[in-house]
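Participant: Given next are the chains, with one letter for each unit.
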Amino acid sequence: MSAPTSAPQPPLVTPAPDGPAPNDQVMPGKCVRLAVDRPMRLDSGVEIGGFQIAYQTYGTLNADKSNAIMICHALTGDHFVVEKHPVTGKPGWWEMLVGPGKPVDTDRYFVICSNVLGGCLGSTGPKDIDPATGQPYGLSFPVVTIGDMVRAQKLLVEHLGIEKLFCVVGGSMGGMQVLQWAVAYPESVFAAVPIATAARHSAQNIAFHEVGRQAIMADPNWRGGNYLLEGTKPEAGLAVARMAAHITYLSEAALHRKFGRNLQDRKAVTYGFDADFQVESYLRYQGAAFVERFDANSYLYITRAMDYFDLAADAGGTLANAFRPGGKTTPVRFCLASFSSDWLFPTSESRAIVHALNAVAANVSFVEIETDKGHDAFLLDEPEFHQVIHGFLEGCAEHRGLSVRRRAR
Amino acid sequence: MVDIRDDLKLIAEMVEPNSRVLDVGCGDGALLDYLSHAKNVDGRGIELSMDGVRQCVAHGLSVIQGDAETDLKDYPAGAFDYVILGQTLQAMRQPRDVLQMMCRIGRRAIVSVPNFGYWRVRLQLMLTGRMPVTEKLGYQWWETPNIHFCTLRDFVVLTEEMGITIEQTRIIDRAGRVTSHAHSGLANLLGEQGVFLLRGNGG
Chain U
1 MSAPTSAPQP PLVTPAPDGP APNDQVMPGK CVRLAVDRPM RLDSGVEIGG
51 FQIAYQTYGT LNADKSNAIM ICHALTGDHF VVEKHPVTGK PGWWEMLVGP
101 GKPVDTDRYF VICSNVLGGC LGSTGPKDID PATGQPYGLS FPVVTIGDMV
151 RAQKLLVEHL GIEKLFCVVG GSMGGMQVLQ WAVAYPESVF AAVPIATAAR
201 HSAQNIAFHE VGRQAIMADP NWRGGNYLLE GTKPEAGLAV ARMAAHITYL
251 SEAALHRKFG RNLQDRKAVT YGFDADFQVE SYLRYQGAAF VERFDANSYL
301 YITRAMDYFD LAADAGGTLA NAFRPGGKTT PVRFCLASFS SDWLFPTSES
351 RAIVHALNAV AANVSFVEIE TDKGHDAFLL DEPEFHQVIH GFLEGCAEHR
401 GLSVRRRAR
Chain Y
1 MVDIRDDLKL IAEMVEPNSR VLDVGCGDGA LLDYLSHAKN VDGRGIELSM
51 DGVRQCVAHG LSVIQGDAET DLKDYPAGAF DYVILGQTLQ AMRQPRDVLQ
101 MMCRIGRRAI VSVPNFGYWR VRLQLMLTGR MPVTEKLGYQ WWETPNIHFC
151 TLRDFVVLTE EMGITIEQTR IIDRAGRVTS HAHSGLANLL GEQGVFLLRG
201 NGG
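So the protein sequences, as listed, match chains U and Y.
With full-length UniProt numbering applied, the first sequence covers 1 to 409.
With full-length UniProt numbering applied, the second sequence covers 1 to 203.
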């Protein structure tokens, strides 16, 4: 989610309203139409059939299909984990962790990542055409939940002929999906790595999301969600939503270290409302870059899915019960990681999950990584974090009988 | 096989193969690693220090960062065959409560404790009039994490009061040799530490 800050940062731009929508371009990667014969029932009760899931795979599936790792992306992530992004041209979002010789070693594991249901990078979402009307769904798209996203991923995994995933890995909203996988399909997941996440979205986090959504809906170009039909784009609103959210991904210390009170290309303040400070310029850049690749309605839907996430509520109010399928301790091996300066998904949230897993005597590892980089740390160069993930996967591979390398490095 | 501390070796001998083990204060995971390879146990650990936890998890051990005094209460009764506490009881704020929790969540508990009744300790206190500093307990009084020292006799008395049965005893000397298989006044004088296999009254 972070962008390099050294590059000159353009001011907030508003491209022509008739510019191409983010995914009118031909996307690399794979795509499959799921739930064609039998529609999938969403948590809201709405049934959705024949939806599209865009995904990407890296590495090779072994003969007994036991080396598959599902990666779940975060709120504004996508399935381009370790390749140049087709819209931004930037490197894949998790190249620090995933790739040949990396902790999630694509020489050894078959890595799958799909764009979430409701997303805007190839999977069916609110910007797509509703076959019933011939017009973009907009707000008539059904509200989806984390559970629905994972249900769709399960269909994808079945489509790929994989009965049991070796591991599910993800951070932030991706971590929520990991937890959902482990709880909904304990027999289909050998190991789970929820990173910098929570078993429920906190009131403070819902509040931040609401600020973002209100910013989008207050943009006159949003047009009640019908902006695609009306040829407008709520870019100012979406950019403000991104700016507010971006602050929550960092930490006070990280912001201070990066920017302090430094001025942007000037020697003194201008006594106006231009971006005097570097931190302002940086946020404007983040907002402007985001609207190039993300759909505003998708942002509404996906933030909503996170807000609704509450594993304990789904398990009768006690989180531990979520990890006791059929009265038995979950067979899934867990490794949780949190980051000391993450105030969006603080360590206490991970610890609550650990306590619930202990209450059923589940197999769990938990590490808090010392860092001042805030929530974004899970995407950044954190060697200790990477060692932990590597060690955990090695240990699991041994138990799963995957210890032989596919080819020597 | 990795070489492990003398008291850890004795602890490992008390553990049946293929059992479920929780190592409380597992440090860098040496005992867990040893047990999982030598006895094929399903091992878990709790460790306070982040460095220890990172080392453990990076070596494929299932270890959580946590504090025994607050985190043991989460586990259900009888969750493990053995709950192990090596050389850490004396550093607990509430050692009695920790012992109680260990005997609740483990069918057996294994505890090793340094003996404050060891003759060198007694002699140092008597001759110098100062708090003893020994090879194994090398802290000055103002820096020691060991806030609840006991003698082996004190420990045995506590288990009696709590209705805990001592099923096995190993008293070891400074060289790590087993000097006795039972507690006695002499063992309390000659033993530098004791290793005990315990069974709670519910077990």
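Please keep in mind that the hints were generated in silico from the structure rather than gathered at the bench.
Check each hint, because a few of them may be wrong.
Simulated pairs of lysine-lysine, DSSO-like, Cα-Cα distance not exceeding 27 Å [claimed, not checked]: (1) U:Lys30 / U:Lys164; (2) U:Lys102 / U:Lys30; (3) U:Lys102 / U:Lys90; (4) Y:Lys39 / U:Lys328; (5) Y:Lys73 / U:Lys328; (6) U:Lys90 / U:Lys258.
Participant: Are the hints correct? Go through all of them and say.
Facilitator: Right, here's what the structure says about each hint:
no. : hint               : in the structure
1   : U:Lys30 / U:Lys164 : holds, 21 Å
2   : U:Lys102 / U:Lys30 : holds, 23 Å
3   : U:Lys102 / U:Lys90 : holds, 19 Å
4   : Y:Lys39 / U:Lys328 : holds, 25 Å
5   : Y:Lys73 / U:Lys328 : holds, 20 Å
6   : U:Lys90 / U:Lys258 : holds, 21 Å
Taken one by one, the earlier hints all hold for this structure without exception.
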